[in-house]
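Q: Protein chains in written order, with the numbering used here: chain A, 1 to 494; chain B, 1001 to 1337.
In short, the hints are calculated from the structure, not lab data. It is possible that some hints are incorrect.
[Unchecked claim] The calculated SDA-like cross-link candidates involving lysine to any residue, where the alpha carbons are at most 25 angstroms apart (straight line), are:
| # | chain 1 | residue 1 | chain 2 | residue 2 |
| --- | --- | --- | --- | --- |
| 1 | B | Lys-1178 | A | Val-435 |
| 2 | B | Lys-1214 | A | Gly-216 |
| 3 | A | Lys-184 | B | Arg-1007 |
| 4 | B | Lys-1214 | A | Met-316 |
| 5 | B | Lys-1212 | A | Ala-485 |
| 6 | B | Lys-1117 | A | Arg-487 |
| 7 | B | Lys-1145 | A | Pro-6 |
| 8 | B | Lys-1178 | A | Asp-424 |
| 9 | B | Lys-1145 | B | Ala-1240 |
| 10 | B | Lys-1116 | B | Ser-1262 |
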Amino acid sequence: MALNSPTYLAFLPLILAVFLLVQVRARATVLLTASLLFYAALGALELLAALFVVTVASYTAGLLIARGQGARARRWALWLGITADLAVLIALRFQTPIAEAVNAVSVALGFPGGSPFPPTLMSVGVSFYAFQGISYLIDLYLEVAEPERHLGRFALYMSFFPKLLQGPIERASDLLPQLGTLGKPTYEDLRAGVLTFFWGLFKKVVIADRLSMFTGAVFSDVQRFQGVPLLIAVVLYSIEIYADFSGYTDMAIGSARVFGMRLTQNFNRPYSATSVLEFWRRWHISFSRWILDYIFKPVQMGLRSWKTAGTVVALMVTFLASGVWHGAAWTFVLWGGLHGVYMACSVLTRSTRARLLKAIGMADSRLVRWWRIALVFALVSVAWIFFRAENLGDAFYIVASVATQLPASIAPSIADWSHNLLLDQSWREAAVVLVSLMVLVAAGLARSRWNLHSPEVFIQASPPWVRWVTYHALGFALVIFPAPATRAFIYYQF
Amino acid sequence: MKPWSQRENEGRLGRFAVGVTLWLAILTALSWGYRGVCRAALQQPVFGVDDSADTLVVGDSHPQSSLDPAVLVGVENVSGSGESLFFTFYKLRFLLDRNPGIRRVILGFSAHNLSKKYQDSLLFDESVYPEDFESYYTLLDASGKRLLRSWRRGFLVASLKYDFGVPIQFYRYRPATKILLGQEVRRADFDWVGGFYGSARSKLDDEQIRRKIKLYFLDERGRFTGVSDLVVQSLRLILALCRDRGIQAWVYTGPEHMRFRSRVPGEALSAFEAVRAATALEFPGTWWLDFSENSLMDGAFGDGDHANTVGARIISAQVRDRLAGSGYGPQRTTEKR
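Construct all of the structure, not just a fragment, from the sequences and the given hints.
A: Spelled out as structure tokens, the structure:
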């Protein structure tokens, strides 16, 4: 079930009630049962099977690593576990290209009839818990985490329902200790959890789902637009994917918090980053940490004799792998490749840029800071074009049209503003988008101004009347201004 | 973090209860007001058809695109794209209640109007015409709502909005918004009203025809999914409504290009003929106009199953000639509400 579904809105309080009513030692069992029910509700047996295989493989390999006598036995156990996790991940995530390859080989060998494994299996959530299993094994191998010997607790670590479908990808050292000390959530936990959950729901159903109406109208048929409307769609998509994914994360964090548990913050105002490197420290943080620790660092270490060139190659490998993980399509490969290029350029020019700014006395200039924020947003948005476009042709059409037709399209866009500026949506929806984006920006500025982790900290520290107005306004916004149609979370497919 | 104490718990629970009660009280007050506005919207005196019209055209995009009121004098076309006959019944009843001078109804009825797969998608599928569903919902009575009742989001939203007055996306319902802003409400503000839609475009695309045949008739395995009982019942209700009110009912089957017609599954055509025969027996006063095999030129079709403006003029002239034999003519001067 999706976190924004009415079913989940009934499921969460029900599980919380049971959690609070049972004895402390039964609480982990309640959460594990709830997690399995939550996953089973998707109606796909293969998902439960995949979760079972990854959990048992990671648990067993973890014990073997912990008990292993000698480096060779530990390494053998590590690779066994990683191979099992990756095999499940690849089999489900890449079933379409695998089936196509099997078909091609069958035809080449003169065996017509197609693949015996049609690509019809679901893969929701598999990436996230497979990555979590791999990180657990590597951390054990590197002795930065303790092995979990209780299978039930380990299974809960892998399957805890708020983060099961889209993360955050939790480290063993962050989540496992919390599962061992499940107590009664405090009042602050409940209040912060509920508020964070509804703030995430607001970002999803009011902002992201509504923006997807605008962007969907353009990306589904890009040739109908030129210049300005394409630029608007690209900017709106950058906001949409942030509101969608961070909305999910907030709902996951809020859901966990009501049980007294804290999940990793996955987003920290990413569009206020002043470099692409910083963007990745603020965007999908748990995934960025994962690819940094388990792809970039090993590759960079392997190529350390190449010095800067080794770092550049490691960055390209890391981000291309990230792109491929998102899907076996050239659009995703280019999206990852673009980020690799951005990062490589950043590394290669860092000292030159620093010297230049120092020479002209603008090293600490606020103007330069704003320019950097705008530039990073533009670069990231260009990459999102490839992420969102239906195919490479559409992506290149958008890039070319924005690059070459922008000035010429301004006057026609104003003349036919309903088509080009409102992207064929009503002005009423545009007004709601505008107001809700102002709320989003205000929340971001408040977090920046008071250096807060999340909006709920700001609300908790506010006078009672501010809290009450906020609660009521959020409640009414969710009732009155949800988008007309719901959309699945964007990262649901990954 | 502070542990809970009983006194703190009581204080917090008390404040929580007050907060929730206050929120619900405000929502109830807003809902009460909004429900009144929604009801007032349907009481607006804007549903009267043109003084010279004594014939209504109802149905989906087939009659909407092929029966041109500019040719059919005295006819008002209120057909709507993707309109199920289930909704047509409620819409027609609503309009007849407010236009007692209507003497004749032309009802669009083709094989796809019966197809269970297509009609179920119009009535029950979350993703198909969600706005239209909400718009038609305002016309339904209790039995109609009972037939459509489900957990789909569209039904829940429509029910909360129009039955209980919860102002969900209130700004999207133009008539209510106009009343709130003190502006004049027009018939065109109601999305369900419909009207003639003429397009000069002509594009006969085999791939599009194939997709439409699949959309209308075939399931994932390419099999015909049968007839929707709900729609057959709606057809009977419409004809009974006309009969009971002394209104002449003409059931009109619009033109389909041969490339489209030849791909309609044989079972669908047989089922259509069977329903038509049974209905003709049950309602002997009904007139039948079948243009499905009319050999219009390619340039008269907008696509495989819709006439364009050229085709609409031709078909409308033929319909006018057929109607002439039944006393058709621009003669209405009766009252309306």
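Q: Determine for every hint whether it applies to the structure shown.
A: Evaluated hints:
no.	hint	verdict
1	Lys-1178(B) to Val-435(A)	holds (21 angstroms)
2	Lys-1214(B) to Gly-216(A)	holds (24 angstroms)
3	Lys-184(A) to Arg-1007(B)	holds (17 angstroms)
4	Lys-1214(B) to Met-316(A)	violated (45 angstroms)
5	Lys-1212(B) to Ala-485(A)	holds (24 angstroms)
6	Lys-1117(B) to Arg-487(A)	holds (23 angstroms)
7	Lys-1145(B) to Pro-6(A)	holds (21 angstroms)
8	Lys-1178(B) to Asp-424(A)	holds (22 angstroms)
9	Lys-1145(B) to Ala-1240(B)	holds (20 angstroms)
10	Lys-1116(B) to Ser-1262(B)	holds (20 angstroms)
Checked against the numbered hints listed earlier, the structure breaks hint 4 alone; every other hint is satisfied.
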